[in-house]
Amino acid sequence: MHQVSHDVLIIGAGLTGMRAALEIAPGVDVAVLSKVHPVRSHSGAAQGGINAALREDDSWENHAFDTVKGSDYLGDQDAIEIMCREAPSAIRQMEHWGVIFSRADDRRIAQRPFGGAGYPRTCYAADRTGHALLHAMYEQVMRRGMQVYEEWFLTDLVVEDGVCQGVVALDIPTGELILCRAKAVVLATGGYGRVYRTSSNGLVNTGDGMAVAYRAGAPLTDMEFVQFHPTTLKSNGVLITEGSRGEGGVLINAKGERFMTKYAPHAMELASRDVVSRAEQTEINEGRGVDGCVLLDMRHLGREKIMERLPQIRDLAIKFAGTDPVEVPVPVRPGAHYSMGGIRADNDCKSPLEGLFAAGECACISVHGANRLGGNSLLETIVFGRRAGAAVNDFIGGRPMPRPGQHHLTDAAGRIEALLDHPTGERAGALRRELGTVMNRSVGVFRTRDVLAEADRVAARIARRAQRLWVMDKGRTFNTDLMEALEFQNVTALARTIVAGALAREESRGAHFRQDFPRRDDAKWMRHTLAEYTPDGPKLSYGEVRKTKYEPTERSY
Amino acid sequence: MRYAYYTGCAAKGVCPELHESTLAVAKALGMELVELTASSCCGAGVIGELEHDTQLAMNARNLALAENLGLDMMTVCGTCQGVLSRAHKELSDTATRERINQVIAEAGGIYDGRATPKHLLWVLIQDVGLARLEQKVVRPLTGLKVGPFYGCYILRPSDYLSFDDPYNPKSLEQVIRALGAEPVDYSGRTKCCGFPIVLEQEQNAMRMVGTNLLEAQDNGADCLVTPCPLCHMNLDIYQTRAEKEMRRPIGLPILHLPQLVGLALGLRPSALGLQRNMVDTSPVVAQFA
Amino acid sequence: MRVEIEIERGCPAEGVETHRERFRVEVPRHVTVLDTLIQIKDDLDGTLTFRRSCRSAICGSCAMRINGRSGLACDTLVESELRRFGHLLIQPLAQMPVTKDLAVQMAPFWRRVRAVKPWVTKDGEEPSWPVERESLMEQHHVEEMDDASRCIMCMACFSACEVATVDERFLGPAALAKAYRFVADPRDSERTERLTALNGSGGYWDCTRCNQCVEACPKDVKPMEAIVNLRRDAIRAGLTDTIGSRHITEFISIVRQEGRLNEGRMPMKMKPNPLELLKVAPLALRMLRKGKLPLPYHPPIPRVREVRRIIDRKKGST
Chain Z
4 MHQVSHDVLI IGAGLTGMRA ALEIAPGVDV AVLSKVHPVR SHSGAAQGGI
54 NAALREDDSW ENHAFDTVKG SDYLGDQDAI EIMCREAPSA IRQMEHWGVI
104 FSRADDRRIA QRPFGGAGYP RTCYAADRTG HALLHAMYEQ VMRRGMQVYE
154 EWFLTDLVVE DGVCQGVVAL DIPTGELILC RAKAVVLATG GYGRVYRTSS
204 NGLVNTGDGM AVAYRAGAPL TDMEFVQFHP TTLKSNGVLI TEGSRGEGGV
254 LINAKGERFM TKYAPHAMEL ASRDVVSRAE QTEINEGRGV DGCVLLDMRH
304 LGREKIMERL PQIRDLAIKF AGTDPVEVPV PVRPGAHYSM GGIRADNDCK
354 SPLEGLFAAG ECACISVHGA NRLGGNSLLE TIVFGRRAGA AVNDFIGGRP
404 MPRPGQHHLT DAAGRIEALL DHPTGERAGA LRRELGTVMN RSVGVFRTRD
454 VLAEADRVAA RIARRAQRLW VMDKGRTFNT DLMEALEFQN VTALARTIVA
504 GALAREESRG AHFRQDFPRR DDAKWMRHTL AEYTPDGPKL SYGEVRKTKY
554 EPTERSY
Chain L
25 MRYAYYTGCA AKGVCPELHE STLAVAKALG MELVELTASS CCGAGVIGEL
75 EHDTQLAMNA RNLALAENLG LDMMTVCGTC QGVLSRAHKE LSDTATRERI
125 NQVIAEAGGI YDGRATPKHL LWVLIQDVGL ARLEQKVVRP LTGLKVGPFY
175 GCYILRPSDY LSFDDPYNPK SLEQVIRALG AEPVDYSGRT KCCGFPIVLE
225 QEQNAMRMVG TNLLEAQDNG ADCLVTPCPL CHMNLDIYQT RAEKEMRRPI
275 GLPILHLPQL VGLALGLRPS ALGLQRNMVD TSPVVAQFA
Chain P
3 MRVEIEIERG CPAEGVETHR ERFRVEVPRH VTVLDTLIQI KDDLDGTLTF
53 RRSCRSAICG SCAMRINGRS GLACDTLVES ELRRFGHLLI QPLAQMPVTK
103 DLAVQMAPFW RRVRAVKPWV TKDGEEPSWP VERESLMEQH HVEEMDDASR
153 CIMCMACFSA CEVATVDERF LGPAALAKAY RFVADPRDSE RTERLTALNG
203 SGGYWDCTRC NQCVEACPKD VKPMEAIVNL RRDAIRAGLT DTIGSRHITE
253 FISIVRQEGR LNEGRMPMKM KPNPLELLKV APLALRMLRK GKLPLPYHPP
303 IPRVREVRRI IDRKKGST
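Chains as they are written, first to last, in our numbering: chain Z, 4 to 560; chain L, 25 to 313; chain P, 3 to 320.
FYI, nobody ran anything at the bench for these hints, they're computed from the structure. Wrong hints could be hidden among the right ones.
If you anchor each label on the Cβ, the simulated ranges turn out as follows [unchecked claim]: (1) Z:Thr413 with P:Glu19: 28 to 36 Å; (2) L:Gly244 with Z:Gln150: 47 to 55 Å; (3) P:Arg26 with Z:Asp81: 25 to 33 Å.
With a Cα cut of at most 25 Å, we get these calculated SDA-like pairs of lysine to any residue [what the hints assert, rightly or not]: (4) L:Lys268 with P:Leu277; (5) L:Lys142 with L:Gln159; (6) P:Lys316 with L:Glu269; (7) P:Lys316 with L:Gly133; (8) P:Lys317 with L:Ala62; (9) Z:Lys258 with Z:Ala219.
Backbone N, C-alpha and C define an ideal beta-carbon position, used for all residues, glycine too.
With the hints as extra help, turn the sequences into a complete structure.
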């Protein structure tokens with residue numbers, strides 16, 4: 004056990020975390036902490052693109068409107084305006100840092116159409132935009148010789164006197180626990196897709212930052228809003244980018260019908276994701292699916308276009324679905340993909356807990372409201388990563404280095420010892436599958452009260468069982484068995500907030516669809532759900548949605 | 025079985041025993057070889073490093089020479105085969121072929137993509153056939169433990185060379201068995217001999233040579249067989265240098281593919297040029313001739 | 003289907019020496035090696051340690067040796083491995099010390115990557131905010147960088163690299179491919195500096211062109227081709243004072259003259275120092291006696307003019 008001190012500590016080295024670190028003023032001692040090597044972060048898996056109103060005949064106001072509408076009017080409009088206004092500069096700065104964007108004939112950054120957008124404003128790097136951004140970002144981190152604690156796992160926030168004073172982290176390679184003091188902590192830990200059995204997310208996406216903040220008293224916002232991406236592969240939930248539809252791919256059912264005509268006659272396959280996912284699920288539930296899926300047909304795009312614009316997804320389809328999209332349609336279905344909800348944060352990424360900032364997917368500011376548009380997540384990372392860094396610069400001026408007690412460390416050590424002490428019990432893997440299956444079935448695209456209520460009970464039980472997991476690996480060095488157990492405890496806490504929020508919200512909005520309350524109810528429910536931790540489960544309250552100039556209307560595509 | 029015989033440079037220069045043994049074996053197996061005397065060096069990948077299209081054009085010309093005879097091309101060098109297989113694949117693209125044909129139009133003719141380059145090793149398996157080869161064996165090499173050394177370019181990149189599994193090739197082992205000998209398994213069989221850097225970084229190349237030879241020997245090999253004369257050069261001509269680098273004596277005879285085949289077919293060792301190999305082959309030859 | 007999988011394990015820090023263990027598991031047909039490892043860890047042996055995340059060949063975490071081949075566990079199907087090799091042996095990547103089981107220390111790899119200064123360097127200052135415009139770039143530059151920029155830093159190529167196995171100084175395929183990505187980037191202002199810095203020991207001339215990296219790479223980066231491109235660009239930039247570059251130019255000159263490569267002439271051209279030549283004299287004599295030493299001058303092949311015409315032609319953009 005030992006201690007480190009930095010002025011600023013950033014947890015998470017994906018796009019958001021690294022962007023925040025790069026914004027910290029020179030001379031300030033900043034360190035990044037990540038449970039995986041930075042380039043392993045799930046930001047790298049984002050495929051399709053990043054939005055900005057770059058062109059003269061587009062405008063950030065249009066982008067903002069599309070985003071507000073996409074959010075089904077739950078997004079905070081001032082935050083959305085900030086994001087869309089800063090988008091062009093944010094992307095051009097990344098280009099300046101070396102990102103290799105695909106180019107249009109006029110040599111400017113190329114853009115393609117994407118779901119829910121009224122203009123083709125999604126910039127892309129073939130079909131590996133996240134990868135391109137992530138590696139360029141890490142190159143800048145290497146260039147500045149920034150301190151990165153690789154494979155350190157966040158176990159606790161250190162909070163004393165209502166102020167966040169640092170974190171406790173487990174150094175996975177050595178097994179040591181470290182107390183990390185800091186004047187400011189930025190959480191940039193990404194989403195919680197692994198709460199669901201099938202998800203496009205990497206296995207590391209267990210929402211650790213959200214869970215740790217939640218347990219430390221920071222509220223989580225809008226957790227019931229889970230984005231189900233319309234085109235994930237059946238076998239493993241791996242993502243097939245929206246870009247495949249942006250480039251002209253179409254969705255057909257077992258009868259060969261382009262069924263989106265029934266659900267979104269104008270935007271068709273490029274309606275917003277929740278609309279498309281529900282359309283697919285309806286087709287499947289009503290017996291017009293193919294083996295639990297619908298078909299994504301790209302054959303008409305031709306081999307050359309697919310090889311040029313969508314080569315990675317072709318490889319994925321061949322490898323994991325055994326189908327070559329050049330010749331055969333790919334079976335796809337909705338899969339848990341993105342967490343609209345997260346740690347409550349304001350437009351400067353400040354959480355209600357002093358000294359704690361949150362940005363990126365782990366935060367909820369809220370720019371995505373009830374449903375996120377494709378291409379806005381990558382955008383969120385670099386816009387709010389930067390804003391978090393800037394806000395931290397302002398915040399730490401003149402603040403002394405905190406001196407939290409050692410008990411934070413010994414408490415964490417005690418909990419871990421207790422966990423390691425169980426000689427037998429339930430394995431995290433089995434429980435993870437059990438919980439994931441319940442979430443898939445009961446808290447998916449379509450929800451109803453009774454099913455949710457049962458899921459609530461099950462989730463609570465599983466959360467209790469997760470306190471007595473059996474960790475088989477008792478060693479110190481690189482104990483990923485222990486890490487996975489701790490991760491699963493985070494997952495169970497988050498699952499409870501998702502179910503509770505879904506059960507309480509008696510309306511349908513964006514990605515949250517109640518079959519027993521199928522209409523949007525602005526009068527009662529145009530408000531954010533806030534979940535606060537109690538030992539008995541999440542305590543819900545509600546907060547206002549901030550409006551600027553967009554009046555809520557009926558949302559159709 | 026008639027082939028346009030592409031010798032490559034080594035068989036006509038530093039490894040004349042390869043050429044000799046190829047002719048002898050071809051005759052014994054009833055293969056008619058028409059030597060492409062006007063064929064140039066394939067570039068060995070070296071020319072292509074600086075001038076991609078030059079190397080490609082030279083090989084389009086080489087393939088055109090075979091095509092003009094109405095024959096497929098047979099190679100006896102793994103490196104030539106790798107380069108030519110790749111050229112053949114690149115030239116299967118119409119736009120590339122048109123561009124390159126413009127270059128060679130006045131320099132050897134046009135290549136239509138019909139002549140295919142095939143290594144002697146593949147010819148033995150596909151065209152002669154292992155069963156027929158076995159029938160022709162007069163002197164089964166019983167008890168001889170032979171380590172196959174494939175060399176890089178007849179295996180990789182597998183996108184261009186589609187004959188063998190690059191990580192678990194079988195063709196040399198199959199031929200070795202057909203000849204009555206016993207193949208030796210060792211991890212170096214698919215590794216690099218280091219020839220491309222023997223001038224630039226001799227020590228590294230010698231470590232590679234030495235490691236592979238010693239591994240084969242420690243696994244019981246009496247000799248190695250290789251389908252590439254450049255590998256042969258590094259493993260045979262440079263073997264004493266490898267011994268110095270590894271500080272261990274080795275003394276492992278290295279046979280060209282047709283030398284091993286010829287021995288089993290009952291041909292005279294001198295007809296196979298076995299006296300030319302730098303590491304004395306008589307321990308092997310003495311057992312069977 | 004029932005599968006037997008053998009895994010190389012160990013943990014030096016805890017005194018557990020390298021050893022192999024066998025596991026027997028029941029798995030679905032279309033399962034990947036990674037799925038199988040996860041199943042073993044979840045249900046049979048929680049101490050089995052490996053890195054993993056995305057399961058879709060983009061994060062690079064799960065690189066390991068599978069039946070001797072360096073590659074990703076998440077995109078390797080168990081069934082096809084069994085078909086090809088008859089068994090399933092899993093080992094950690096080579097070239098790097100093992101921390102535990104299949105998790106290796108990545109430092110030797112990243113040290114080499116850092117050594118090529120893997121970031122775009124520009125003249126002038128950072129653009130001020132708001133950033134009004136991006137730099138303009140032709141799509142063909144994007145395509146030129148496409149292969150190298152696809153790299154996910156999984157370390158499979160480095161594990162497979164034959165020169166890295168014998169020479170600690172060699173930067174390796176991933177680092178050099180990354181260097182090429184910047185050499186080919188029109189926005190980078192240090193092209194010549196990069197080529198010069200990597201021109202010597204440990205750089206792009208040390209590659210033995212064995213294609214192991216090309217074969218191993220799960221993303222079709224073709225690192226060796228990037229290395230060859232660096233060589234080409236170096237020569238064109240006038241960096242010709244290396245054995246490697248002389249090797250190429252002399253090779254071309256000999257072939258131009260004779261139509262074939264006269265191997266007898268190469269060493270003389272490469273090592274003009276008479277003392278060096280003296281060292282090889284005994285070997286040369288032996289070769290001469292065995293008829294393996296080509297004459298220093300050899301008559302050219304028939305129709306050599308055709309070859310010369312190809313080599314001498316005015317080149318366009320290639």
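Here's how the hints hold up against the structure:
1. Z:Thr413 with P:Glu19: 28 to 36 Å: holds (34 Å)
2. L:Gly244 with Z:Gln150: 47 to 55 Å: Given range 47 to 55 Å: holds, Cβ gap about 53 Å.
3. P:Arg26 with Z:Asp81: 25 to 33 Å: violated (59 Å)
4. L:Lys268 with P:Leu277: Measuring from Cα to Cα gives roughly 20 Å; hence the hint holds.
5. L:Lys142 with L:Gln159: It holds: about 23 Å lies between the C-alpha atoms, which stays within 25 Å.
6. P:Lys316 with L:Glu269: Distance ~45 Å between P:Lys316 and L:Glu269 Cα, so the pair is violated.
7. P:Lys316 with L:Gly133: With a Cα-Cα distance of about 19 Å, the restraint between P:Lys316 and L:Gly133 holds, given a limit of 25 Å.
8. P:Lys317 with L:Ala62: Status holds; Cα separation ~24 Å.
9. Z:Lys258 with Z:Ala219: With a Cα-Cα distance of about 52 Å, the restraint between Z:Lys258 and Z:Ala219 is violated, given a limit of 25 Å.
Violation of the numbered hints given earlier is confined to hints 3, 6 and 9; the remaining hints are satisfied by the structure.
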